[in-house]
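Colleague: For the record, the sequence lines run as chains P and A.
In terms of my numbering, the first sequence opens at residue 4 and continues consecutively.
In terms of my numbering, the second sequence opens at residue 2 and continues consecutively.
These aren't lab readings, by the way, just hints derived from the structure by calculation.
Using N, Cα and C, we set each Cβ at its ideal position, and we do this for glycine too.
Be a bit skeptical, because a hint or two may be false.
[Unchecked claim] Cβ-Cβ distance ranges computed for the label pairs, FRET-style: (1) Leu82(P) - Pro49(A): 23 to 29 Å; (2) Ala202(P) - Asp88(A): 42 to 48 Å; (3) Pro278(A) - Arg6(P): 52 to 58 Å; (4) Asp88(A) - Ala115(P): 47 to 53 Å; (5) Val176(A) - Asp56(P): 29 to 35 Å; (6) Val176(A) - Phe75(P): 44 to 50 Å; (7) His318(A) - Ala26(P): 44 to 50 Å; (8) Asn86(A) - Thr143(P): 53 to 59 Å; (9) His95(A) - Ala26(P): 27 to 33 Å; (10) Pro278(A) - Leu160(P): 43 to 49 Å.
Residue-level listing of the chains:
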Amino acid sequence: MGRRGRLVLKIFAWAVCLAPLAALAWWIGRALWLHTDDLGANPISFITNHLGDWTFRLLLASLAMTPLRIVFGWGWPLLLRRLLGLFAFTYAVLHFSVWILVDHFFNWGQMAEDVVKRPYITVGMLALLTLIPLALTSTTGMIKRLGARRWTRLHRLVYLTGVLAALHFLWLAKVGRTDQYIYVAVLAALLGVRVVEWARRLVRRAGKIPPPRPATPP
Amino acid sequence: MLIRRTERFKASEITDEKLYLNRREFIAGGGAALALAACDVADGAAPPAGAPLKAARNDGVSVKEVPTKLESATTYNNFYEFGVNKDDPAREAHRLKTRPWTVAVEGLVHKPKTYDIDELIRAFPLEERVYVLRCVEAWSMVIPWIGFPLGAVLKQVEPTSQAKFVEFTTLLDPVQFPGQKPGFFGGGLEWPYVEGLRLDEALHPLTLLTVGMYGQVLPNQNGAPVRIVVPWKYGFKSAKSIVRIRLVSEQPKTAWEKAAPQEYGFYSNVNPTVSHPRWSQATERRIGEFRRRPTLMFNGYADQVASLYSGLDLKKHY
């Protein structure tokens with residue numbers, strides 16, 4: 004892919020990642036100044052859910068880049084992996100901030116109780132914590148300092164983030180709701196591709212010792 | 002930016018002035034309005050949702066708070082028969098046909114009776130009561146309901162001495178209630194929706210058989226044509242679109258108890274000291290307000306109902 008193609012791809016990705024925030028700002032603005040009902044009767048719950056949904060979607064998108072390369076052999080998805088991951092982190096921080104600043108309004112006692120007593124909040128909190136070291140080591144400089152091998156090993160932590168986020172969603176969803184299973188299925192597929200690839204590589208490596216040799220014609 | 006919301010949602014500003022103005026107009030032209038409603042009934046058609054319904058306010062049992070915006074009360078609903086999302090009921094409500102409609106009051110009674118809905122609405126004097134509706138999901142609304150005490154009906158059918166509980170059953174019809182279709186929206190709850198009260202709870206003067214709200218015929222998404230409202234219990238205890246009221250000797254198995262017994266008990270009294278496994282019940286958000294407010298024991302109705310539960314461990318019987 005040329006420079007121009009990369010630029011178009013990046014601009015497109017930024018636009019997609021910023022669109023949900025822009026929409027939210029638009030709805031909040033309309034609700035505040037034009038008194039529209041875009042945010043529904045319970046705006047705080049709406050905003051929290053919107054940010055949470057997009058955190059998970061972008062996390063899944065970032066987790067989808069490597070499988071796209073594995074399955075289709077494309078190189079371009081890897082150009083977007085960091086960007087998508089950092090946006091997922093941004094949405095996660097906003098989701099969490101709304102919970103602290105707006106929903107509970109610094110009611111630390113109740114929030115602490117929630118983190119300890121409500122498993123879905125506990126795992127949500129852990130999911131956010133696992134993203135922090137990944138965000139901090141996302142720069143090219145940090146990759147160099149850590150070394151590609153150690154950096155790769157550290158960033159496998161994102162698989163745990165995915166599982167924690169899935170549990171967060173599964174446990175908070177009320178009886179009768181079903182969309183959480185779609186997210187979980189997508190996550191399972193994305194991690195499944197990696198498992199298959201890892202197994203294939205193991206088999207291939209095992210087959211290489213001794214390396215396959217064409218039979219010499221008589 | 003968000004802080005400014007607080008100012009926007011001051012109680013005085015969420016007063017639905019149009020509603021009060023309308024209500025005065027209705028009172029002024031009350032006779033004509035009632036005559037119109039009667040015509041609808043005579044034609045066998047359902048009174049349109051939002052048709053005026055006149056009732057004097059019972060100030061003695063009404064909270065002094067400003068009612069929640071009507072738009073919020075009709076677009077933010079938990080009514081799984083229409084779908085699990087909050088906006089499903091308003092969107093699907095047109096499917097429900099509220100005429101003809103009968104309510105069978107039966108079971109352990111001396112005089113079982115099946116009421117035609119229009120007969121039921123006229124059987125007892127209607128009154129308006131402004132109650133706080135506290136959802137188990139930690140939000141609440143202030144709603145001016147219209148109805149009469151359920152006890153009036155129960156006394157008319159004369160419960161036998163074996164009657165200890167009252168079981169409410171919601172209409173079962175997946176055509177009118179798409180949420181009852183298996184698989185698609187449904188799943189989770191067992192249909193029809195069944196709720197229950199102890200007989201003394203059902204006879205309590207606060208328990209309201211409800212046919213209207215905000216000076217209007219009850220909208221479909223709020224449980225038309227008839228529901229109960231039990232203001233000291235979480236909202237799901239107040240069964241909607243009722244077709245059968247049965248007096249029984251055993252504690253009924255309710256829909257939410259069957260679906261998730263560890264989360265929803267039979268009593269489900271509003272209690273800030275007993276958490277739901279997935280959220281605290283210590284605070285709630287009044288719809289239209291910015292900050293959470295502390296939840297009150299029995300939703301603020303402790304003076305009236307606490308005596309019903311003396312000697313009962315409310316932590317065990319949640």
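Colleague: Indicate, hint by hint, whether the structure satisfies it.
Modeller: Now for the hints, and whether the structure bears them out:
At roughly 58 Å, the beta carbons of Leu82(P) and Pro49(A) sit outside the given window of 23 to 29 Å. At roughly 45 Å, the beta carbons of Ala202(P) and Asp88(A) sit within the given window of 42 to 48 Å. Distance hint check: the CB atoms of Pro278(A) and Arg6(P) are about 54 Å apart, consistent with the given range 52 to 58 Å. Here the CB-CB span from Asp88(A) to Ala115(P) is close to 33 Å, at odds with the stated 47 to 53 Å.
Distance hint for Val176(A) and Asp56(P): a CB-CB separation of about 31 Å, consistent with the stated range 29 to 35 Å. At roughly 45 Å, the beta-carbon separation of Val176(A) and Phe75(P) lies within the given 44 to 50 Å, and the hint holds. Between His318(A) and Ala26(P), the C-beta spacing of about 45 Å keeps the proposed range 44 to 50 Å intact. Against the hinted window of 53 to 59 Å, the Cβ-Cβ separation of Asn86(A) and Thr143(P) comes to about 43 Å, which falls outside the hint.
For His95(A) and Ala26(P), the hinted distance range of 27 to 33 Å is satisfied, since their beta carbons lie about 28 Å from each other. Distance hint for Pro278(A) and Leu160(P): a CB-CB separation of about 29 Å, inconsistent with the stated range 43 to 49 Å.
The structure does not agree with the numbered hints 1, 4, 8 and 10 stated previously, though it agrees with the rest.
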